[in-house]
Structures are given as C-alpha cells and as structure tokens.
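Number of protein chains: 2
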Amino acid sequence: MTVKAERTVSEKTVFRGRALRLDVIEIETASGGRSVREVVRHPGAAVILARRPDGMFILVRQYRKAIESELLEAVAGTLEPGEAPEACARRELAEETGHLAGRLVALGTAFPAPGYTQEELHFFLADGAEPAGAATPDADEALETETVSGEDLARMIREGAIRDAKTIVAWHLYREHAAGALAGDGRK
Amino acid sequence: MTVKAERTVSEKTVFRGRALRLDVIEIETASGGRSVREVVRHPGAAVILARRPDGMFILVRQYRKAIESELLEAVAGTLEPGEAPEACARRELAEETGHLAGRLVALGTAFPAPGYTQEELHFFLADGAEPAGAATPDADEALETETVSGEDLARMIREGAIRDAKTIVAWHLYREHAAGALAGDGRK
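Residue numbers (the numbering used here), protein chains in the order written: chain A, 1 to 188; chain B, 1 to 188.
Accuracy of the hints is not assured; some may be wrong.
To be verified - Footprint (simulated), chain A over chain B, 3 or more residues, beta carbon under 8 Å: (1) 12-20; (2) 37-48; (3) 117-124; (4) 171-182.
Said to hold, decoys possible - If you only want the chain B side, here are some residues facing chain A, beta carbon under 7 Å, derived: (5) A30; (6) R64; (7) F111; (8) A113.
Just so you know, these hints were derived from the structure itself, not from any lab.
Ideal Cβ positions, reconstructed from N, Cα and C, are used throughout, including at glycine.
Could you build the full structure based on these sequences and the hints that come with them?
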C-alpha cells in the first residue's frame, strides 16, 4: 500500500542554530487541505555498536541536557558535510572512546523521530574495536566509557537501565545480524 | 558511574509552533566552560504495539514530511496536557485505527533523540485489540492500517522495510516481554 505524499506549498526557516535548523513547511494534505509541518533539519548520524576482540561492548555515558539526565548509549555522532556514514562511524568511535573500529558491518538505517526530524541513523557494528590512543571528545562533551558484556547489555535494556532508543535499535539489529550470520543468512 | 550535570546558565524560547517549541539553553559544561544546547520541548508520546486476539499486529502507514517518505510504524501519539501515558495509548489506538486496546501492558520507556529533544516514549502492548468503530484521525493525517504477523514484522525490521526507530524498539521490548512471560520472569 502507499499513501499520498504531502506536497510543499511553501517553506521557511524559522531558526538556525549551532546544531539544529528548524523549518516550517506549509503542505497540501492527502485530502487536499492545507496544514503545517515543523521539521528539524539534520544531516544524519552514525551509531556504532563497538565490540572488542574479547566480545565486550563499548558504550558511553553522558549527560543529556534535553532530558536533564545521564544516559548510557552506543557511540554516535553527526555526519559532517559530505562525510560518508562509515567514515563518520570510524571518526566518532576514535574521538569518543579512543578505539579503532576494526571491521565495520552495516546493520541498517532508521529514523529516530520521523514525525518532526529529518535525522536518519546509520547503524554499524565495529567488530574487533581496539584501543589506539586517548579519546578526544568535543570540548563541551563529558563522556565516560563503559564496557559491558552482551548479556549485561541485553539485561540493561530489559530492565530499563538503557533507555536510549538508538542503542536499543543498534542492539536489536546486531542480534538479528548475529543470528543471520549463524544461520548463514539462509533465513532471508 | 555518573557524569556531572550541565547547569543551566540561561534559557530562552526561540520558536513556539503548532507541535514543537525550541529552547536555546546556555550551560556550564562539566569542565566549567560555557556552551549551548538547542532543545526541542515535547510533552512525550505513547507507542502502542497492538496485537489482535488472532495474534496479528496492527501497524499504520503514513507519509512523513520530515523525511519525504512513507513509513510503516506502530501506532503512536503525543500526550495531551495532563494525560497519563496509558490513557494516551488507548485514545491514539482508537483514533488511528478504530480499535479498543484490550489489556495494556507497559513495556518500558525510551528517549528517541536525547541529543536534542526532551521527548520520552512510553511503550505499550495492547493485547487483544479489537475493532470497535471507525478510525478518526486528525483532519490533516492520512493513515492506512496494515495487519502483519509477528514473523513478518520481525522480517521487515531485519530487511529494512520497517525503519522507524520507535517501532523497532517496541518490537524488541515486546519480544523481551514475551520471552520473560514464557520463562515466568525467572530470567530477571
């Protein structure tokens, strides 16, 4: 099935900040009426589930002002202009944790909040990630690296200790990838 | 481990629209410097994975202007002022699909994009959802209901046919819930 696209009647940028741009778009709805969509413009991001050679996963804990709380998350970062998602994944893993990615496996893409943001997430497994120097996060970022087993990661999602949606999606896609690899991808 | 909170130095609202409010917050960073966080204010939302008595799941397909594409998603909607997540879940399921929720099971909460939005998602399984009348979506929403088996839903996530993060999280939390119920929750 398909649904009718919402045609743009007019569009204006109402805010242009450091990380976000906000556009207000007047649309023609499927039924021919007029309405408005408020859309956060975003270049997209890479999300990296990093697994060390010993099988442990590398996560980062950081304070999230938007929710006034800290969260334990997979490594992630915004694409720079013209940057490929794979390159972004390697760069962010190095910057945030000081690890080299090893083998990158694309796990898929998803939209975190398609009701109001353009952002697309590109998910990767960084298989065999190894320490290669000091982390060099942005000056205004305070990140702490935490290393957890797959069993603990799954349990933390189950028990609500991990509540970052992209981290849960990364874990789900990784588990599906791992199950498919075991099955020789014959499942598809 | 914990990370230091980012103290608010000043805060101003730069946009107040129909669905979104955007605030710019000057903060004191963990290292004592100053920086800025741009935050979308949002009242939160309920996400409902609806399962009919015959085990089929009810999803909705809709056009998402922010990504100029249609997506197949779990039913979801924004909390009204003072509305409890459970009440929102029942209301949105009725409005978007015309189904009564049956038994609501809380599956957990998560943040779709904590880097820049306050939005918190409240996930529910609506177990035994049954048709109870016509859907009454908002005048500017064009939704199509689709019914899929659990096997197909899992496959569509695996193959990238479902790329909405909240739907993938809902499915993951539901699967964990179902596995826990089978194991008598002894796994925890």
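Taking the hints in turn, this is what the structure says about them:
1. Counting residues of the region 12-20 of chain B whose beta-carbon sits less than 8 Å from any beta-carbon of chain A gives 6, enough to reach three: the coverage restraint holds.
2. Counting residues of the region 37-48 of chain B whose C-beta sits closer than 8 Å to any C-beta of chain A gives 4, which meets the bar of three, so the coverage hint holds.
3. Closer than 8 Å: that is the beta-carbon criterion, and the region 117-124 of chain B has 5 residues meeting it against chain A, so the requirement of 3 holds.
4. Only when three residues or more bring their CB closer than 8 Å to a CB of chain A does the claim for the region 171-182 of chain B stand; here the count is 5, and the claim holds.
5. At about 3 Å, the closest approach between the beta carbon of B/A30 and any beta carbon in chain A falls short of 7 Å, and the interface hint on this residue holds.
6. The restraint placing B/R64 at the interface with chain A holds, with a minimum CB-CB distance near 4 Å, inside the 7 Å limit.
7. Checking B/F111 against chain A by beta carbon gives a least distance of about 6 Å; that is within 7 Å, so the hint holds.
8. For the restraint placing B/A113 at the interface with chain A, the shortest Cβ-Cβ distance is roughly 5 Å, inside the 7 Å limit, so the hint holds.
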